[in-house]
Every structure is written in structure tokens, then in C-alpha cells.
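Trainee: Taken in sequence, the protein lines are chains A and B.
Converting from the first sequence to my numbering requires adding 342 to each position, the first position being numbered 1.
Converting from the second sequence to my numbering requires adding 342 to each position, the first position being numbered 1.
Please keep in mind that the hints were generated in silico from the structure rather than gathered at the bench.
There's no promise every hint is true.
Given that identical chains are not distinguished, each listed pair holds provided it fits within a single copy or across any two copies.
[Stated by the list, open to error] The calculated PhoX-like cross-link candidates involving lysine-lysine, where the alpha carbons are at most 25 Å apart (straight line), are: (1) Lys-358 to Lys-535; (2) Lys-397 to Lys-376; (3) Lys-564 to Lys-494; (4) Lys-497 to Lys-564; (5) Lys-556 to Lys-432; (6) Lys-432 to Lys-358; (7) Lys-529 to Lys-564; (8) Lys-564 to Lys-376; (9) Lys-497 to Lys-397; (10) Lys-494 to Lys-535; (11) Lys-376 to Lys-461; (12) Lys-558 to Lys-350; (13) Lys-432 to Lys-558; (14) Lys-397 to Lys-556; (15) Lys-535 to Lys-432; (16) Lys-357 to Lys-432; (17) Lys-529 to Lys-461; (18) Lys-432 to Lys-397.
There are 2 protein chains.
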Amino acid sequence: MLTQHTDKRYEEDLKKLREDILYMGGLVEDQIQKAVSSLVDRDSNMAATIIERDKEVNTLDVEIDELCIQLLALHQPAARDLRFITTALKITTDLERIGDMAVNICERALELNAEPQLKPYIDIPRMARISQRMIHESLDAFVREDTNLALKVCKDDQEVDDLNSQVFRETVSFMIEDPHTINRAMKISFISKYLERIADHATNIAEMVVFMVKGKSIRHLKELPQSI
Amino acid sequence: MLTQHTDKRYEEDLKKLREDILYMGGLVEDQIQKAVSSLVDRDSNMAATIIERDKEVNTLDVEIDELCIQLLALHQPAARDLRFITTALKITTDLERIGDMAVNICERALELNAEPQLKPYIDIPRMARISQRMIHESLDAFVREDTNLALKVCKDDQEVDDLNSQVFRETVSFMIEDPHTINRAMKISFISKYLERIADHATNIAEMVVFMVKGKSIRHLKELPQSI
Numbered sequence: 343m344l345t346q347h348t349d350k351r352y353e354e355d356l357k358k359l360r361e362d363i364l365y366m367g368g369l370v371e372d373q374i375q376k377a378v379s380s381l382v383d384r385d386s387n388m389a390a391t392i393i394e395r396d397k398e399v400n401t402l403d404v405e406i407d408e409l410c411i412q413l414l415a416l417h418q419p420a421a422r423d424l425r426f427i428t429t430a431l432k433i434t435t436d437l438e439r440i441g442d443m444a445v446n447i448c449e450r451a452l453e454l455n456a457e458p459q460l461k462p463y464i465d466i467p468r469m470a471r472i473s474q475r476m477i478h479e480s481l482d483a484f485v486r487e488d489t490n491l492a493l494k495v496c497k498d499d500q501e502v503d504d505l506n507s508q509v510f511r512e513t514v515s516f517m518i519e520d521p522h523t524i525n526r527a528m529k530i531s532f533i534s535k536y537l538e539r540i541a542d543h544a545t546n547i548a549e550m551v552v553f554m555v556k557g558k559s560i561r562h563l564k565e566l567p568q569s570i
Numbered sequence: 343m344l345t346q347h348t349d350k351r352y353e354e355d356l357k358k359l360r361e362d363i364l365y366m367g368g369l370v371e372d373q374i375q376k377a378v379s380s381l382v383d384r385d386s387n388m389a390a391t392i393i394e395r396d397k398e399v400n401t402l403d404v405e406i407d408e409l410c411i412q413l414l415a416l417h418q419p420a421a422r423d424l425r426f427i428t429t430a431l432k433i434t435t436d437l438e439r440i441g442d443m444a445v446n447i448c449e450r451a452l453e454l455n456a457e458p459q460l461k462p463y464i465d466i467p468r469m470a471r472i473s474q475r476m477i478h479e480s481l482d483a484f485v486r487e488d489t490n491l492a493l494k495v496c497k498d499d500q501e502v503d504d505l506n507s508q509v510f511r512e513t514v515s516f517m518i519e520d521p522h523t524i525n526r527a528m529k530i531s532f533i534s535k536y537l538e539r540i541a542d543h544a545t546n547i548a549e550m551v552v553f554m555v556k557g558k559s560i561r562h563l564k565e566l567p568q569s570i
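Okay, chain A solo, but in the shape it has when bound (with noise of 0.2 Å):
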């Protein structure tokens, strides 16, 4: 039988386990913002800095799942927890390959910032924007654990993928225009991409979130229902 002082531990734990991933989800949040900085701003130091502090995120990562798995390990959760101790140890790994696209971004903007600048970016920040956004309300509704919420950010994927096209096609003409821009526009486009695969692991743990609670998968659906 759990003591009470157990069932202490065990609040704590859990809090705990709320707690650091909403911190290692604004972390990502911020190496996103500053990975794009450091494209955005021509800062190739900044974009040094980012891809250094990647080792935070993956820190992270380790250490929130040995605290799911201790918590699985020292408490029998009941199904309630249990779901959401599973969905945790589901969404570190969501987070720490954002954490990879971010390092990504940076790598691609080390070597467009050594190269004549080729358009000023307007698509690219917005998208950001969009996607740190998404992790930021997809991880309330984690803890929160509102559906309608975690639906939002499922519908709100449809704008980054949008621009994602939109950039597609932009780079496109820049390169029939002028072959002398097809390495850096081939490049911009793969910055496009990797915001684009940072909306869907948001949306990856919105879909998480109504799975965690409804017990219902909404992913792979043509149509996302009104509400949940």
C-alpha cells in the first residue's frame, strides 16, 4: 500500500513532469525564434550559439523520460496518469527532433549568410511564428488537457503547410529566372521544409493530446471534426 508520504512524492513527480516539459517546449520555442534570427539577421555567431545549446534540448530529453519511467516504475498510475506519462515519453521525442530542425535551420543559414543575400524573407519568420505557436498551445493542451485546444493546433497546420507551397513556388521562379540562384533557393526551400516538419510535430503532439484524452485517433483524418 502507498504511504502517504509516497503519495506525496508521487504529486511532486508528476508536477515535476509537467513542469519540464512545458520548460523544454519553450526552449525549442526560442531555438526556433533565434535559429530564424540568425537567417533573418545575417548573425552566423547566433546560429553557432543555437546549434551549441541543441545539447540542452537532448539533456532534456534524457532526463524527462527517466523521470516518466521512474514514476512507471515506483507508482502503479492509474489509467488517467498512465496516459499521460505514456504521451510524455511520446512527446520528448516530438521535441528533441524540433530541437534537430532548429540545428538544421541554423546549418542552412551558416551557409546562406556566406552568400550574397538572395530575397528578404517574409514567408520564413511568419512560419516560424506559426509553428512556435503551435508547440506552445499544444503543450498547454497537453497539461491541460484540452482537446479543443489540441484541435486548434491540428487546423492551424494547414497555414504553415500552405506557406511551405508558397515558398516552394517562390523559390521555383527564382531558380528558372536565374540558375546562378539555384543553390541558395534550394536551400531557402529546405528551410521552408523544416519549419513545415516542426508544425507537424506540434500538430504530431496536438493528436497526441485528443488521443491521450478521448481515446479517439484523429490522425490521417481527411476532415477534422468542429470540436471534440
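Guided by the hints, dock chain B onto chain A, whose structure is given.
Mentor: For chain B alone, coordinates are given in the frame of chain A:
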């Protein structure tokens, strides 16, 4: 206290978990192979079939996750089994996303098959074969807890990365020579990227296997150890 009956059920469920993961792995391997065939053989019917069959991958993802949660809920798995089950929960996500990548390959194949073929595909099928093998070996490493096989998978990732760079350079040179090829060349480079990501997912699985068995993270190491 667990009864003998419960123990037997537990062992059976664990065995089923291993088998299900290997089955899901076999399915996504087949999805990749057929997705690339639909491109190489310009077989758009095949591409449509593979897109449709992704539903099976998604169903398996949900089912295996449920099996994991059931195992955690009904039994109190000991340290080693607990790590095995929590790793399985993470692996299903990677396999499901590999399935999504096979769908993306088919989508680009449908577009490319509607236009004259730009070039014979040599490196793309090679990348597909290596990625399939990496998935297979990463899952073998998982069920056998074989860290050396897992390490081999991590090392093989370099080969796919190199082929991806080669395809990138080749597509850029096509585009520079003849801007009419830009749209098709970009799509080929996207397919190459999808395959690179598939290999990354297999590498992620292999890294999780090392972590599960050794408790050591080899992710993001600049140089991989000779053995572990």
C-alpha cells in the same frame, strides 16, 4: 500477488509485443520498397495502393501502443521489461512516421510519373535498400537487445547521408543545365530527403536500443564508439 495465470498472460503479451513490432517493421519496409518501385517502374496504380495501405500502418501504431499501456497497467513490469515497453512506445512513432514518408514518396512519384522521366533512378533505389535494411536491423537489435547491431545501424546512416548529398548535387547540376528540369529535379531531391529521413528514423530506433540496454545516450555524438 500475481497468479501463475497472470504471469503466463504477461509473457504472452510481451511476446506479442515483440512480434507486433517486427510485423509493423516488415510492413513499413514493404511500403518503402513498393513506394520506390512505383517511381522506378512508373507504376501509379502501385503508388495509389501504397498510399491506401498506410491506414494499416496507422492502425498497428494505435494497437501496439494500446498493448504497451495494457502491459503497464495490468502488470508491474520490472526494470528491464519496463524499459523494453517504454522503448516500444517510442519505436511505434518512428515506424508510423516512416509509413508517412513512404506515402510522401508515392505522392511525388504520382507527380513525376505524369511527366517525361528526367533520368534513370540509380541512387534512390540504393538508398531505399539501405534504409530498409537499417529498419530491419534496428528492430532485430531491439528484440534481441543487441547493441552492436544497433551500433552498425547508426554507422550505416552515413552511407544514406552521402547518397542524399550526391543526389542533391546531381539534381542541382540538372537544373543548372536546363531550367525546364527544375520542377522534376526538385521532386527527385525531395524523395531523396524522404529516404534520408527514413534512415534517420531507423538510426533513432537503434540509438534508443543502445539507451535501453546500456543506459547510455549515443545520440549526437561526433564519433561513434567501435563497440558498446
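Trainee: Next, verify each hint and record whether it holds.
Mentor: Evaluated hints:
In the homo-oligomer, the alpha carbons of Lys-358 and Lys-535 never lie at most 25 Å apart, since the shortest distance is 33 Å inside one protomer and 37 Å across protomers. Taking the shortest Cα distances, Lys-397 and Lys-376 sit within 25 Å of each other inside one copy (15 Å), while across copies they are farther apart (37 Å). With identical chains, the CA atoms of Lys-564 and Lys-494 are at most 25 Å apart within one copy only, with a shortest distance of 15 Å there and 39 Å across copies. In this assembly of identical chains, the alpha carbons of Lys-497 and Lys-564 lie at most 25 Å apart only when taken from the same copy (12 Å versus 38 Å across copies).
In the homo-oligomer, the alpha carbons of Lys-556 and Lys-432 lie at most 25 Å apart both inside one protomer (17 Å) and across protomers (20 Å), since each shortest distance falls under that limit. Taking the closest pair of Cα atoms, Lys-432 and Lys-358 come within 25 Å of each other both inside a single copy (17 Å) and across two copies (21 Å). Only between protomers do Lys-529 and Lys-564 lie at most 25 Å apart by alpha-carbon distance; the minimum there is 24 Å, versus 31 Å within a single protomer. Proximity of Lys-564 to Lys-376 under the C-alpha cut-off of 25 Å is restricted to the inter-copy arrangement: shortest distance 23 Å between copies versus 34 Å within a copy.
Taking identical chains as interchangeable, the C-alpha atoms of Lys-497 and Lys-397 lie at most 25 Å apart only when they sit on different chains, with a minimum of 21 Å there against 31 Å within one chain. In this homomeric assembly, Lys-494 and Lys-535 come within 25 Å of each other (Cα to Cα) only inside a single copy, at 21 Å, whereas the closest approach across copies is 29 Å. In the homo-oligomer, the alpha carbons of Lys-376 and Lys-461 lie at most 25 Å apart inside one protomer (19 Å), although the nearest pairing across protomers, at 40 Å, exceeds that limit. Taking the shortest alpha-carbon separations for Lys-558 and Lys-350, neither the intra-copy value of 32 Å nor the inter-copy value of 30 Å comes in at or below 25 Å.
In this homomeric assembly, Lys-432 and Lys-558 come within 25 Å of each other (Cα to Cα) both inside a single copy, at 17 Å, and across copies, at 19 Å. In the homo-oligomer, the alpha carbons of Lys-397 and Lys-556 lie at most 25 Å apart only across protomers (20 Å), although the nearest pairing inside one protomer, at 35 Å, exceeds that limit. For the identical chains of this complex, Lys-535 and Lys-432 are neighbours both inside a copy (22 Å) and across copies (24 Å), given an alpha-carbon limit of 25 Å. With identical chains, the CA atoms of Lys-357 and Lys-432 are at most 25 Å apart both within one copy (18 Å) and between copies (22 Å).
Taking the shortest alpha-carbon separations for Lys-529 and Lys-461, both the intra-copy value of 12 Å and the inter-copy value of 23 Å come in at or below 25 Å. Taking the shortest Cα distances, Lys-432 and Lys-397 sit within 25 Å of each other both inside one copy (19 Å) and across copies (20 Å).
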